[in-house]
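Can you make the complete structure from the sequences, with help from the hints?
In this note's numbering, the protein residues as written are 1 to 619.
Rather than coming from a laboratory, the hints here were simulated on the basis of the structure.
Heads up, a few of these hints could be off.
Unchecked claim - Cut-off 30 Å, straight-line C-alpha distance, at most; resulting in silico cross-link-like pairs (DSSO-like, lysine-lysine):
1. K271 to K170
2. K175 to K271
3. K36 to K80
Stated by the list, open to error - So the derived label-pair ranges between C-beta atoms look like this:
4. E150 to P282: 33 to 39 Å
5. N136 to P360: 53 to 59 Å
6. R316 to Q53: 42 to 48 Å
7. Y137 to G242: 33 to 39 Å
8. E150 to L8: 30 to 36 Å
9. D239 to D315: 16 to 22 Å
10. R19 to D239: 34 to 40 Å
11. H473 to P405: 56 to 62 Å
12. P260 to H473: 35 to 41 Å
Bear in mind that the values here come from a model prediction, so they are computed numbers and not experimental data.
All C-beta atoms in this analysis are idealised placements derived from N, C-alpha and C, irrespective of residue type, glycine included.
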Amino acid sequence: MVFVRAKLHASLDLRNIERLPLAQRLRANAALDVDKPAEWLADHFAASMDTFQSTDIPVLLPILHANLEAHPPEPSVLEKLCDSSGEKTEKTTIDTLLLRPTLAVRFLYIIARDIPPPAMQTLWPLAWRWIVFIRNYRECLPFEDVWQLEANVPHAALVLLLVPSLRSEKQCFLKELIATPGLMTSFFAAWCYRCRPDHDLATPLAEELFDDGVFECLGYIVDLSESGALRLDTAAIVDEVGGGHMLAAMFTYTMYSVIPDRPQTQLSRFKLLLRLINVLSPEADGHTPLWNHLLEAGITVALVARLHACLPELDRDGRCFAFGFVIRMLAYSTNPSWIAHSIDTGLFLIIAAAMTQPRPFDMRTPGWFTFLSRSLLHRIVVGSTRRALPDLCGILREEQRADPPPAWEPLVRFITLFTERDAILQRLRAQESVCANAMCTAEPPKKKFKLKRCGRCYETAYCSIPCQRADWHSRHRETCLGPGNTAIRAPPSDTLALQLRIIVRPTHEENPPPDPPSGTPSVRTLMHGPNAPFLRAAIARDVQHARNQLAGTSAAEDDSLHVVVDYTTKFGRATTTVLHRVLCGGVRPGETVVVFGLGQYKARCEIVLDFDEWVDIVE
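In structure tokens, the structure reads:
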């Protein structure tokens with residue numbers, strides 16, 4: 001975009017210097033003269049900062065403007081200057097071509113808060129080209145050690161100079177500004193630099209000024225994006241900041257560390273971040289790769305923590321908007337630990353507030369309990385729910401539990417399902433606290449001692465390796481549900497053997513979500529990891545319900561009868577369906593198909609049942 005040179009603002013008029021007293025005028029003219037040593041510019045600016053007032057701006061801006069007018073040198077010229085930087089004859093050239101403009105950029109952003117926005121129409125094009133130059137060549141500039149630029153200079157200059165530029169009331173300049181090639185991606189790179197632990201913003205005051213500038217710029221950027229005047233290219237931003245994981249880490253760090261530092265602006269900044277995420281990944285686009293990066297970066301806990309802190313100040317529209325993000329988070333989460341940590345952080349308190357405010361939310365629509373019910377197939381989620389359940393039960397009166405109104409039915413169903421799963425978990429924990437070797441003679445330890453579980457099935461626990469070896473040879477080898485098992489000889493009476501046939505596939509074939517984020521349980525983890533005994537026991541419980549429903553079903557002897565337990569229904573409960581003469585993707589007669597959800601993904605596994613059990617069911 002070519003900027004049209006505008007009439008100079010009064011603060012850039014050189015006649016402002018002519019009105020100074022003689023001594024000050026001489027120093028100012030020396031700083032103004034680009035042929036004089038750069039030290040004169042630095043000395044004049046340092047002296048001005050000692051007694052700086054906003055009234056000094058009309059004197060400083062003409063000087064900085066004059067020092068920025070030169071064009072950055074071409075790479076070939078820069079290389080020549082670097083090769084001859086030790087020669088005395090080149091010092092003047094380096095001062096004129098490089099040092100004075102870079103010092104002018106640094107000084108300009110220091111006084112950026114006091115620059116009149118109309119003056120930026122002239123200053124911004126000059127400053128922008130030098131900001132880009134410094135960012136690209138900072139490390140190879142042939143400056144003496146005293147003039148070396150910190151890494152934060154181009155980032156701080158970009159953010160702090162954008163603030164007065166965006167404040168301009170001239171729409172023509174704003175359109176030219178936001179159309180600057182590479183500006184938005186450079187802004188996000190500067191923001192990402194702030195979130196790095198090795199950033200060199202030297203003082204808390206510098207960090208505060210930078211953060212204020214970032215959020216003021218974000219306000220303009222989000223407003224322009226939502227109005228359609230600006231289009232943010234998410235892919236280009238991701239490339240510029242170093243990958244989606246860096247962009248997601250920036251959001252998470254800002255929610256964790258930057259927003260809480262300013263309680264008076266916490267609410268507005270939190271809402272602004274949510275709006276920005278919605279601009280980069282609109283809800284209409286569904287599950288985008290950005291959300292996977294956000295989940296991997298720990299956005300679940302950060303989002304719940306900030307929402308819980310801001311909830312009392314949010315109006316109803318703000319709550320609806322924030323709740324929508326929580327629902328997206330629950331829908332896209334594939335790692336049960338993300339859900340568990342969000343529950344520990346206060347997710348149930350947020351749900352309770354949504355259900356008890358003056359105009360309560362109808363829990364049948366958002367889907368909170370749908371996604372939470374699906375996650376109750378994981379013991380870590382059941383454990384966190386057990387700890388936080390009083391936050392929900394406290395809002396439920398006894399008569400509502402017995403005869404819940406329609407809007408409260410999802411909560412009652414969730415509590416009922418949790419009660420069943422918690423009983424299973426407590427039973428498993430009791431089994432895991434006793435050595436499975438029947439011949440074990442070890443005395444119970446006086447202190448609480450965690451037993452070691454079988455590394456193949458995680459089903460049995462032992463107090464020592466000798467006990468495990470003895471039980472393996474005498475009994476466990478025949479019943480261990482290891483990953484290589486395709487047939488079970490004598491399945492335990494309290495559980496059923498699982499065999500995964502279809503691994504993970506999208507539930508929406510027309511608009512499939514991206515590949516699952518890291519942290520999504522693998523097939524081996526699901527079927528044969530630490531959670532497998534609990535998963536098998538939970539499914540066995542639901543299959544028992546299926547048996548009860550099938551008690552009155554009759555079928556011919558040659559019919560294929562399957563029970564489908566689907567954990568991805570809209571109610572979040574196991575829904576049983578009898579399939580008559582239907583071939584379920586290679587499922588053999590006498591097997592049970594179990595489908596359970598992993599966020600936007602679906603996995604299907606089969607429960608291998610003894611044929612005699614099916615005869616009992618059919619009869």
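Comparing the hints with the structure gives:
Proximity of K271 to K170 is assessed by CA-CA distance (about 27 Å); at most 30 Å being required, the pair is judged to hold. The hinted pair formed by K175 and K271 meets the criterion: a straight-line CA distance of about 25 Å does not exceed 30 Å. Only pairs whose Cα atoms come within 30 Å are accepted, and K36 paired with K80 is accepted, the gap being roughly 21 Å. In this structure the hint that E150 and P282 lie 33 to 39 Å apart at CB holds, the actual value being about 37 Å.
A beta carbon spacing of about 55 Å between N136 and P360 agrees with the range 53 to 59 Å that was offered as a hint. Remark: the range hint 42 to 48 Å for R316 to Q53 is upheld by a beta-carbon distance near 46 Å. Judged by the Cβ atoms, the range 33 to 39 Å given for Y137 and G242 is violated: they are separated by roughly 19 Å. A hinted range of 30 to 36 Å holds for the C-beta pair E150 and L8, which are about 31 Å apart.
About 37 Å separates the C-beta atoms of D239 and D315, a value inconsistent with the hinted range of 16 to 22 Å. Between R19 and D239 the beta carbons are some 50 Å apart, a value that contradicts the proposed interval 34 to 40 Å. The supplied range of 56 to 62 Å is met by H473 and P405, whose beta-carbon atoms lie about 59 Å from each other. Separated by about 57 Å at the C-beta atoms, P260 and H473 break the suggested range of 35 to 41 Å.
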